[in-house]
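The sequence shown lines up with residues 718 to 778 when you count with our numbering.
If you are wondering where the hints come from, they were derived from the structure by calculation, not from laboratory data.
You may find that some hints are simply not true.
Below 30 Å or equal to it, Euclidean Cα-Cα: the simulated BS3-like pairs (lysine-lysine) are [to be verified]:
(1) Lys770 - Lys739
(2) Lys721 - Lys770
(3) Lys721 - Lys739
(4) Lys764 - Lys739
(5) Lys764 - Lys721
(6) Lys772 - Lys721
(7) Lys747 - Lys764
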Amino acid sequence: MNSKDIANEWFEFAEMDLNSAKFLLNMHPKPLEIICYHCQQSAERIKNFVLEKVKNYSEKF
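Kindly produce the complete structure, drawing on both the sequences and the hints.
If you want it as structure tokens, here you go:
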């Protein structure tokens, strides 16, 4: 798997976590701890996406 594929996979995982958090917001009562967990996971995965993109960019030079 190349670096571009890895970056895209991180982005897809982040998107799934964020979609899960949005879905859970419609529940009553709201499972706030789980919603926060998915938001945190999404942020971590976006961080990894950005780091992988920077790695791709720096490898070109």
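Discussion item. Against the 30 Å threshold, does the CA-CA distance of Lys721 and Lys770 hold or violate the hint?
Written reply: holds, 7 Å
Worksheet item: Is it true that the CA of Lys764 sits at most 30 Å from the CA of Lys721?
Response: holds, 15 Å
Worksheet item: Are the Cα positions of Lys747 and Lys764 separated by 30 Å at most?
Response: Holds, because 26 Å separates the two Cα atoms, which is no more than 30 Å.
Practice prompt. Assess, step by step, whether the Cα of Lys721 is no farther than 30 Å from the Cα of Lys739, and give holds or violated.
Written response: holds, 27 Å
Worksheet entry | Restraint check for Lys772 with Lys721, where alpha carbons must lie at most 30 Å apart | Judged against 30 Å, a Cα distance of about 10 Å means the pair holds.
Discussion item. Tell me if the straight-line CA distance from Lys764 to Lys739 falls inside 30 Å.
Written reply: holds, 20 Å
Practice prompt. Given the hint that Lys770 pairs with Lys739, test it: the Cα-Cα distance must not exceed 30 Å.
Written response: holds, 26 Å
Of the numbered hints listed earlier, not one is contradicted by the structure.
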